[in-house]
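Q: Spelled out, the chains give:
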Amino acid sequence: MPCAWNEQCRVRKKRALRVRGMGELAMLRQLIGQLQQFLQLYGSFPPHNTDSCFLYFHSHQHQQLPEEQTHQLHSCPHEPILTCDELAGTCTFVPLDHGMVRVHDSQSEVQGQFPLDIYAYPFEPDYVFLALSSSYRISEGSSVFVNSHRWCLPEVDDGAADDYYGFVMAAGKSGSCKMLEPVKPPPSKRSRKERNRGKLAGSTSTAEAMEQEIWKEFPEDLYEAVIARLPIATFFRFRSVCQKWNSLLKSHSFSQHCAQVPQGNPWFYTITHENVNSGAMYDPSLKKWHHPTISSLPTKMIILPVASAGGLVCFLDIGHRNFYVCNPLTQSFKELPARSVKVWSRVAVGMTLNGNSTSSGYKILWVGCDGEYEIYDSLRNSWTRPGSMPSNIKLPVSLNFRSQAVSVDGILYFMRSDPEGIVSYNMVTGVWKQFIIPTPLHLNDHTLAECGGRIMLVGLLTKNAATCVCIWELQKMTLLWKEVDRMPNIWCLDFYGKHVRMTCLGNKGLLMLSLRSRQMNRLVTYNVMSREWLKVPGCVVPRGRKRQWIACGTAFHPCLMATA
Amino acid sequence: MASSSSSSSCSSSSEKKITLKSSDGEALNVEKNVALEFEPAKGFLEDNSEEADDEAIVVPLPNVSAAVLSELIPYVKQRLELSAKPVQKKLIKAFDDQFTRHLSDDKLGELMLAANYLGVNYLLDVLCDVTADRIKNKSVEYVREFLGIQNDFTPEEEAELRAQCPWAFEGVDQD
Numbered sequence: 001m002p003c004a005w006n007e008q009c010r011v012r013k014k015r016a017l018r019v020r021g022m023g024e025l026a027m028l029r030q031l032i033g034q035l036q037q038f039l040q041l042y043g044s045f046p047p048h049n050t051d052s053c054f055l056y057f058h059s060h061q062h063q064q065l066p067e068e069q070t071h072q073l074h075s076c077p078h079e080p081i082l083t084c085d086e087l088a089g090t091c092t093f094v095p096l097d098h099g100m101v102r103v104h105d106s107q108s109e110v111q112g113q114f115p116l117d118i119y120a121y122p123f124e125p126d127y128v129f130l131a132l133s134s135s136y137r138i139s140e141g142s143s144v145f146v147n148s149h150r151w152c153l154p155e156v157d158d159g160a161a162d163d164y165y166g167f168v169m170a171a172g173k174s175g176s177c178k179m180l181e182p183v184k185p186p187p188s189k190r191s192r193k194e195r196n197r198g199k200l201a202g203s204t205s206t207a208e209a210m211e212q213e214i215w216k217e218f219p220e221d222l223y224e225a226v227i228a229r230l231p232i233a234t235f236f237r238f239r240s241v242c243q244k245w246n247s248l249l250k251s252h253s254f255s256q257h258c259a260q261v262p263q264g265n266p267w268f269y270t271i272t273h274e275n276v277n278s279g280a281m282y283d284p285s286l287k288k289w290h291h292p293t294i295s296s297l298p299t300k301m302i303i304l305p306v307a308s309a310g311g312l313v314c315f316l317d318i319g320h321r322n323f324y325v326c327n328p329l330t331q332s333f334k335e336l337p338a339r340s341v342k343v344w345s346r347v348a349v350g351m352t353l354n355g356n357s358t359s360s361g362y363k364i365l366w367v368g369c370d371g372e373y374e375i376y377d378s379l380r381n382s383w384t385r386p387g388s389m390p391s392n393i394k395l396p397v398s399l400n401f402r403s404q405a406v407s408v409d410g411i412l413y414f415m416r417s418d419p420e421g422i423v424s425y426n427m428v429t430g431v432w433k434q435f436i437i438p439t440p441l442h443l444n445d446h447t448l449a450e451c452g453g454r455i456m457l458v459g460l461l462t463k464n465a466a467t468c469v470c471i472w473e474l475q476k477m478t479l480l481w482k483e484v485d486r487m488p489n490i491w492c493l494d495f496y497g498k499h500v501r502m503t504c505l506g507n508k509g510l511l512m513l514s515l516r517s518r519q520m521n522r523l524v525t526y527n528v529m530s531r532e533w534l535k536v537p538g539c540v541v542p543r544g545r546k547r548q549w550i551a552c553g554t555a556f557h558p559c560l561m562a563t564a
Numbered sequence: 001m002a003s004s005s006s007s008s009s010c011s012s013s014s015e016k017k018i019t020l021k022s023s024d025g026e027a028l029n030v031e032k033n034v035a036l037e038f039e040p041a042k043g044f045l046e047d048n049s050e051e052a053d054d055e056a057i058v059v060p061l062p063n064v065s066a067a068v069l070s071e072l073i074p075y076v077k078q079r080l081e082l083s084a085k086p087v088q089k090k091l092i093k094a095f096d097d098q099f100t101r102h103l104s105d106d107k108l109g110e111l112m113l114a115a116n117y118l119g120v121n122y123l124l125d126v127l128c129d130v131t132a133d134r135i136k137n138k139s140v141e142y143v144r145e146f147l148g149i150q151n152d153f154t155p156e157e158e159a160e161l162r163a164q165c166p167w168a169f170e171g172v173d174q175d
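Line by line, the protein sequences are chains H and Y. Mapping of the first sequence onto full-length UniProt numbering: residues 1 to 564, in sequence order. Mapping of the second sequence onto full-length UniProt numbering: residues 1 to 175, in sequence order.
Honestly, the hints are just simulated from the structure, not real lab data. Only a predicted model underlies this, so the values are computations on that prediction, with no experimental measurement involved. Ideal placement from N, C-alpha and C gives every residue a C-beta, glycine not left out. Worth double-checking, as some hints may not be accurate.
[As the list claims (entries may be wrong)] Pairwise CB distance ranges, derived in the manner of DEER restraints:
(1) Y/74 with H/535: 36 to 44 Å
(2) Y/27 with H/355: 53 to 61 Å
(3) H/264 with Y/104: 25 to 33 Å
(4) Y/62 with H/295: 53 to 61 Å
[What the hints assert, rightly or not] In silico lysine-lysine, DSS-like type, Cα no more than 27 Å apart, as pairs:
(5) H/287 with Y/89
(6) H/394 with H/363
(7) H/535 with Y/42
(8) H/498 with H/463
(9) H/288 with Y/42
(10) Y/107 with H/244
(11) Y/90 with H/287
(12) Y/136 with H/244
(13) H/535 with H/498
(14) Y/107 with Y/136
(15) H/433 with H/476
(16) Y/42 with Y/21
(17) Y/136 with Y/85
(18) H/288 with H/476
(19) Y/90 with Y/16
(20) Y/21 with Y/77
(21) H/546 with H/535
(22) Y/16 with Y/32
(23) H/546 with H/288
(24) Y/32 with Y/17
(25) Y/136 with H/288
(26) Y/136 with H/287
(27) Y/136 with H/535
(28) H/535 with Y/93
(29) Y/32 with Y/89
(30) Y/93 with H/287
(31) H/250 with Y/136
(32) Y/89 with Y/136
(33) Y/90 with Y/77
(34) H/300 with H/342
Same shape as in the complex, but just chain H (with noise of 0.2 Å):
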């Protein structure tokens, strides 16, 4: 048998949030390590059938998590459940030759083959589940949390199926809520009324007349040169100063006006976390997080940002079958259209605009590693499937998916390994290309980054116990990347020794970077054009505490015109 995991591997039921014990625990790293061996085995990605289901392995909370969380994660339609405490029987994996597992529910009683896949919870190292791709349905509720923080997986050290299954673990963290540093609330703030009564008490009132008097005077359009010179996030805001100025911010005109501006700064996406299912946007104009709702966005299962474009941010569920699009800031959402595959398998998503803006419409594309593509168009309101990929480009096209697409004047690059390179669409006329460039050596959790129509790759170099954070920029006649720029030294010692992985949360000119070892969770941006490094305040909800994991994210630029 070429199967060398070819020995049944139990999984205890139960129906709590934890599972106790090290005998579980023993058990699942026997099952973890098992797979690994399993996809060292076959290499590449098992087949798959219709309906997945998931098993979430969590490694990173070591206590109970609020109900709330357990909710989030429990409702994931399809997602499977095996859960905790009241456990009532005996589920049995048996892997099988072509990547299908048989497994056997003795509780329900459930019996039968099905594909077996590996997924990490994408980008992120504490989460590892396992998808049973098929419609069987372990039983409801299906998260197994593992409550020890000395839990920890070998590494899969081949490269490519690192990337490919985003199969990483952090190695023995120890409780990750130990590591957050607390940060004092925001101070409550006083209006400026209260606190200037003191102080003004003395002055004259008619100064503060004569001030009022100067800018009630003043000509509307210079009103409007102030305020379109405000960053974005305060027109929501100063949408409540008076009337006025709140149609003015609504009207058509001024959005004109604002989207004549030249873009500064993209904004970022992410999730946490603590709270998959609310986004934390980073506005670096103000350094600031924002923490907006979605009401519209589904809470029932968990939703990456992935793609953006004009103002848009286009997500996807973690089971990869619906997407959805948003413009985080006015609340605009649209859910796209069922997709026709039947196969829910990992896909790489890029996203472009038609023309200046939304309002001409935008395109969406998948890709996944069998060649498989969609795109989706917003003005049919439809995905179509153009085609399939040339034959001069490598079959299957190991994706990686910790780098996301990037867009350069209608054209989208993804990177792809074996072989080592950038395979591109062009929107406009549908042509897939692909182009072999060797990746840097010694590198690692590399990601595409795009600038002004410059290509660049954004990656870790590790010598020795030496780990910085390189930038190259593709050659685009030799095909080579040439190093640009590192990150400075004095922030690069600091991981001095230490396993550092690193996630890409945007790659729009300007780059989130998340840097993550052990003990240490730092947020860092580049600006490519001006090639400044700067270190991005903790993510604190309002009146929270805690400093938040940004666990992915994707890059935008704000657009109150916008519109999904």
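Following the hints, put chain Y in place on chain H, whose structure we already have.
A: Same frame as chain H, but now just chain Y:
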């Protein structure tokens, strides 16, 4: 064009003085090239170009006070000198920063009105930036008071607007 002739004759015209008359009736002598930076003065001088003696011309500027003019004139003069040299933008920005840093809020408003009326667009740009910068992290109440705006919302309307995007009201500076 008047602007090109003014720049070519810069050195010679810089000696020539023009008299500007402010809204409060004060007369201020300025170099001709400075006066040409002010749109109303430029128009006036073009209309009266037959006059042989520039010294005799008095340009009325009925919307600007002498106090504001006397702040504007040195700024425009230095700014002209700066932009005549091949200096970096950074230097000009530093100069603008220095000029605006110590302006009080109401002086800022006066200068903006004057710059708008006189058509000194580069100054207007800078002042708009400064104003936006001063209010961008502030609360709605602060902005109302800063700009002397009456709140014409009912409490219900205001609460509704706030409820639409609570995130925008989080983390503003203390007033």
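Q: Take a quick look at whether residue 32 of chain Y and residue 89 of chain Y sit within 27 Å of each other, Cα to Cα.
A: Holds - the C-alpha atoms of residue 89 of chain Y and residue 32 of chain Y are around 25 Å apart, at most 27 Å.
Q: For the pair supplied as a hint, residue 300 of chain H and residue 342 of chain H, confirm whether the alpha-carbon distance does not exceed 27 Å.
A: 21 Å, holds
Q: When you check the alpha-carbon spacing of residue 250 of chain H and residue 136 of chain Y, does it fall within 27 Å?
A: Holds. Residue 250 of chain H to residue 136 of chain Y sits at ~18 Å (cutoff 27 Å).
Q: Just to be careful, I want the Cα atoms of residue 546 of chain H and residue 288 of chain H compared with a cutoff of 27 Å; is the pair within it?
A: At roughly 16 Å apart (the allowed maximum being 27 Å), residue 288 of chain H and residue 546 of chain H satisfy the hint.
Q: Given the hint that residue 107 of chain Y pairs with residue 136 of chain Y, test it: the Cα-Cα distance must not exceed 27 Å.
A: Within the cut-off at roughly 19 Å; holds.
Q: Taking 25 to 33 Å as the hint, is the beta-carbon distance of residue 264 of chain H and residue 104 of chain Y inside that range?
A: 29 Å, holds
Q: So the hint says 53 to 61 Å: do the beta-carbon atoms of residue 27 of chain Y and residue 355 of chain H match that?
A: Once the Cβ atoms are compared, 56 Å apart, the range 53 to 61 Å for residue 355 of chain H and residue 27 of chain Y holds.
Q: Given the hint that residue 535 of chain H pairs with residue 42 of chain Y, test it: the Cα-Cα distance must not exceed 27 Å.
A: 49 Å, violated
Q: Between residue 89 of chain Y and residue 136 of chain Y, does the CA-CA distance stay at or below 27 Å?
A: 24 Å, holds
Q: Given the hint that residue 546 of chain H pairs with residue 535 of chain H, test it: the Cα-Cα distance must not exceed 27 Å.
A: 18 Å, holds
Q: Mind checking the alpha carbons of residue 90 of chain Y and residue 287 of chain H for me, to see if they're no more than 27 Å apart?
A: Holds - the C-alpha atoms of residue 287 of chain H and residue 90 of chain Y are around 23 Å apart, at most 27 Å.
Q: Quick one, are residue 498 of chain H and residue 463 of chain H close enough, alpha carbons at most 27 Å?
A: Holds, at roughly 12 Å.
Hints 7, 9, 17, 18, 19 from the earlier list are contradicted by this structure; the remaining hints agree with it.
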